[in-house]
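Chemist: The lines below spell out each chain.
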Amino acid sequence: MENETPASAPVPKMVPIWLIIGITILVYGVAIAVTGIVRWNHPAPGVAMTRLHADFWWGLFMTALGLFYVIRFWPKPGR
Amino acid sequence: MTRWPLDLPTMLCRPLFVLAQTAPGTLLTLAPVDYGIIVFYFALVLGIGLYLKKYAATGEDFFMAGHKLTAWIAGLSFISANLSTLETMGWSAMAAQTGLIGAHAYLIGAIPAILFLGVVMMPFYYISRIHSVPGYLKLRFGEASRSLAGVSFAVMTIFVCGVGMFSMARVLNLILGWEMQRTIWISSICVAAYVMLGGLLSAILNEVLQYFLIWLGLALVPILGLWEIGGWHNLLRTIDHIQPGLTHLWSTLGSPKDNPAGMDWFGIVFGQGLAISFGYWCTDFLQVQRVMAAKDLRSAQNGTVIGAGLKMMAIVIVTIPGLLGLAVLTQHGIHLVGEGAPELQQHLPGYHSYNDVLPLLMCRYLGPGLLGLGVTAMIAGFMSGMAGNISAFATVWTYDVYRPLIRKQASDAHYVAIGRWASVLGVLIAIATAYVCFSFDNILQELQVLVLFFIVPLFGTVTLGMLWKRITPAAGFWGFLIGILAAMGQWVWIHLLPAAAPGHWRFDMGNVYKPHVAQIAGYADAGGFSQNTYMSFWALLVTVVAVVLISLVTAPKPDAELKNLVMGLTPRTEIQGPWLQRPIFWAGVLSLVLIGINLYLW
Chain Y
81 MENETPASAP VPKMVPIWLI IGITILVYGV AIAVTGIVRW NHPAPGVAMT RLHADFWWGL
141 FMTALGLFYV IRFWPKPGR
Chain X
528 MTRWPLDLPT MLCRPLFVLA QTAPGTLLTL APVDYGIIVF YFALVLGIGL YLKKYAATGE
588 DFFMAGHKLT AWIAGLSFIS ANLSTLETMG WSAMAAQTGL IGAHAYLIGA IPAILFLGVV
648 MMPFYYISRI HSVPGYLKLR FGEASRSLAG VSFAVMTIFV CGVGMFSMAR VLNLILGWEM
708 QRTIWISSIC VAAYVMLGGL LSAILNEVLQ YFLIWLGLAL VPILGLWEIG GWHNLLRTID
768 HIQPGLTHLW STLGSPKDNP AGMDWFGIVF GQGLAISFGY WCTDFLQVQR VMAAKDLRSA
828 QNGTVIGAGL KMMAIVIVTI PGLLGLAVLT QHGIHLVGEG APELQQHLPG YHSYNDVLPL
888 LMCRYLGPGL LGLGVTAMIA GFMSGMAGNI SAFATVWTYD VYRPLIRKQA SDAHYVAIGR
948 WASVLGVLIA IATAYVCFSF DNILQELQVL VLFFIVPLFG TVTLGMLWKR ITPAAGFWGF
1008 LIGILAAMGQ WVWIHLLPAA APGHWRFDMG NVYKPHVAQI AGYADAGGFS QNTYMSFWAL
1068 LVTVVAVVLI SLVTAPKPDA ELKNLVMGLT PRTEIQGPWL QRPIFWAGVL SLVLIGINLY
1128 LW
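From first to last, the protein sequence lines are chains Y and X.
Numbering-wise, this note's numbering comes out as the position in the first sequence, counting from 1, plus 80.
Numbering-wise, this note's numbering comes out as the position in the second sequence, counting from 1, plus 527.
Bear in mind the hints are in silico, worked out from the structure with no lab data behind them.
For glycine and all other residues, C-beta sits at the position ideal for the given N, C-alpha and C.
Just to be clear, a hint being listed does not mean it is correct.
Which chain Y residues stay away from chain X? Per the calculated CB distances, all over 12 Å, these [unchecked claim]:
# : residue
1 : R119
2 : W138
3 : L145
4 : P157
Result set (DSS-like, lysine-lysine): computed pairs, CA atoms no more than 27 Å apart in a straight line [unchecked claim]:
#  : chain 1 : residue 1 : chain 2 : residue 2
5  : Y       : K93       : Y       : K156
6  : Y       : K93       : X       : K595
7  : X       : K784      : X       : K580
8  : X       : K1090     : Y       : K93
9  : X       : K581      : X       : K822
10 : X       : K935      : X       : K784
11 : Y       : K156      : X       : K581
12 : X       : K1084     : X       : K784
13 : X       : K822      : Y       : K93
14 : X       : K935      : Y       : K156
15 : X       : K822      : X       : K1041
16 : X       : K595      : X       : K822
17 : Y       : K156      : X       : K580
18 : Y       : K156      : X       : K784
19 : X       : K580      : Y       : K93
20 : X       : K1084     : X       : K935
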């Protein structure tokens, strides 16, 4: 019935918290890495140590970290 | 917000409010990609709240996250509830001003207490299956103690949340130029929505997310800073060159006159390390609730020990940036001064408050994208702190105020509904508090110190009750109350100044009377942080003495009623399994690391 209480309705298994963390890090990582590429030859004025291209490398690191969590905790049938 | 008065000294908090009035313009400028990152964060937390609503249908789910948390999630949430933006900004400023002494908040000022919670206290909390720390007081001492703790905690939690909202609006106004009222309402609606929908689970998930954001958003500051200055040893050498004596943890604590913090070793060990730290980490329900929601006792204990390790690591993103601020910024023509400095009042170029250290370093090292992540981490730090307070308020209000005092018998669904509405009501009262701050920020600032004075006597009472069965219900109530009054009495005492008429006194919240400060802290020029540590120590001492003396002249509870509540009447909870999974092993490892760091940086 439509008006059944939530307690009686079957609740699907919750997505792992690590998957949500992974997706967030992945999205942010891609955004920061892409910004790093775009600004590779046009560093933001006033920012120090731009020769290290920290935005690109940090974005890449975050992308890899996010991907690891997404792949590791992606819901699989039977788990 | 996180309960910052314990970790963020008053001497640093007040300047954060003043800052917005003294420094014109903004420190940071965001690019479109930065705004995109911030908007994504808001959409994400609202989505999480909506998603988790169906998993928070019962009281156990809504108030205790279903007792499903693993050790890592419990530990991350436990420490994230403390790692707020005011904490990172405030302790970075402290490190820039006082050097490594500021790192004590992450060492002796936290680790022993967290390990004590995990190894000694957690079994009592967990085995008694309570929903809150006041709930333990009910079982151990009776309804009167629980009501006193429940009502006080509920009121103070909302105050702290409101001041947190105001602080967030002020800080974001200062560094980004955002309009304050809009910031308060947007963040509040967001927090109210996701806590009302998902309860503690929602708050915890956002705290874990916040932990990752803070590290990923701020870690580049110390990395690039150390790279630029040539490594750790060069950093220490540079600071020694600028101002000797700031690169040691203990060697300048022989006398409060020997260090810029105005502290001595006694205040650090017995004030910060014992009274404040143990009170905050072991009995502040906002913190304890996170690990009590673990799926079993082993996870609760291991989660707490993990939290201790994570707390120690925060030195990297808090203390080191503070030291870098002192070394790097000074080398580049920026002068860091205290809040009262005339240079700030005159808006002289190149002069900044110590409180600006972290935003200035973010501005220096983080370009577009990275800066958005750093600012998102700051916003997340504020919002998850507010959510933590609201979820703790909803639990204590429902279980320790509403149920025992207003409606004793009702269905589980009714109490969940009360918890949801309490979340919304709590946010609304907090918003009202934030608005009051616009007119009376210093008063509410001082009120936050009272939270500390409530928590410290609570720790004395709860701990004695856990460790000694002779402690009586009467002592639990009256000793706790006497401790609170002793703490508040000291606070009033140092704010009593001679009036114009001879023999008369006036109360001035904005000033202290140095002879009274000297009576309490042993040093007339003791700063706000030093005053608080000493007042906390004396409050703890008065509480312990009062509880013990009253116990000796009143009747204790029979042993049968103290089962699972007191040491000696609670079955030993030896965690079985490989030693690598035992909390006592990792507590020992962390203790050795703590000793090692203290010796290395002595």
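Chemist: Quick one, are K1090 of chain X and K93 of chain Y close enough, alpha carbons at most 27 Å?
Modeler: Roughly 37 Å between the alpha carbons, so the hint for K1090 of chain X and K93 of chain Y is violated.
Chemist: Below or equal to 27 Å on CA atoms is what counts here, so check K595 of chain X against K822 of chain X.
Modeler: At roughly 4 Å apart (the allowed maximum being 27 Å), K822 of chain X and K595 of chain X satisfy the hint.
Chemist: Given the proposed pairing of K93 of chain Y with K595 of chain X, does the C-alpha separation stay at or below 27 Å?
Modeler: Holds, at roughly 13 Å.
Chemist: Given the hinted pair K822 of chain X and K93 of chain Y, is their alpha-carbon gap at most 27 Å?
Modeler: 16 Å, holds
Chemist: Since R119 of chain Y was said not to touch the interface, does its Cβ keep a gap of more than 12 Å from each Cβ of chain X?
Modeler: 7 Å, violated
Chemist: Going by Cβ atoms, does P157 of chain Y stay more than 12 Å from chain X at every point?
Modeler: The claim holds: P157 of chain Y sits with its nearest Cβ about 21 Å from chain X, beyond 12 Å.
Chemist: Within 27 Å, alpha carbon to alpha carbon, are K935 of chain X and K156 of chain Y?
Modeler: Violated, at roughly 44 Å.
Chemist: Are the Cα positions of K581 of chain X and K822 of chain X separated by 27 Å at most?
Modeler: Distance ~19 Å between K581 of chain X and K822 of chain X Cα, so the pair holds.
Chemist: Taken at face value, is the distance from the CA of K784 of chain X to the CA of K1084 of chain X at most 27 Å?
Modeler: Judged against 27 Å, a Cα distance of about 49 Å means the pair is violated.
Chemist: K935 of chain X and K784 of chain X: Cα distance at most 27 Å?
Modeler: Outside the cut-off at roughly 56 Å; violated.
Chemist: Keeping to a limit of 27 Å between CA atoms, is the pair of K1084 of chain X and K935 of chain X held or broken?
Modeler: Measuring from Cα to Cα gives roughly 24 Å; hence the hint holds.
Chemist: Report holds if the minimum CB distance from L145 of chain Y to chain X is greater than 12 Å, and violated otherwise.
Modeler: Violated, because the least Cβ-Cβ distance between L145 of chain Y and chain X comes to about 8 Å, which does not exceed 12 Å.
In summary, the numbered hints that this structure violates are 1, 2, 3, 7, 8, 10, 12, 14, 15 and 18.
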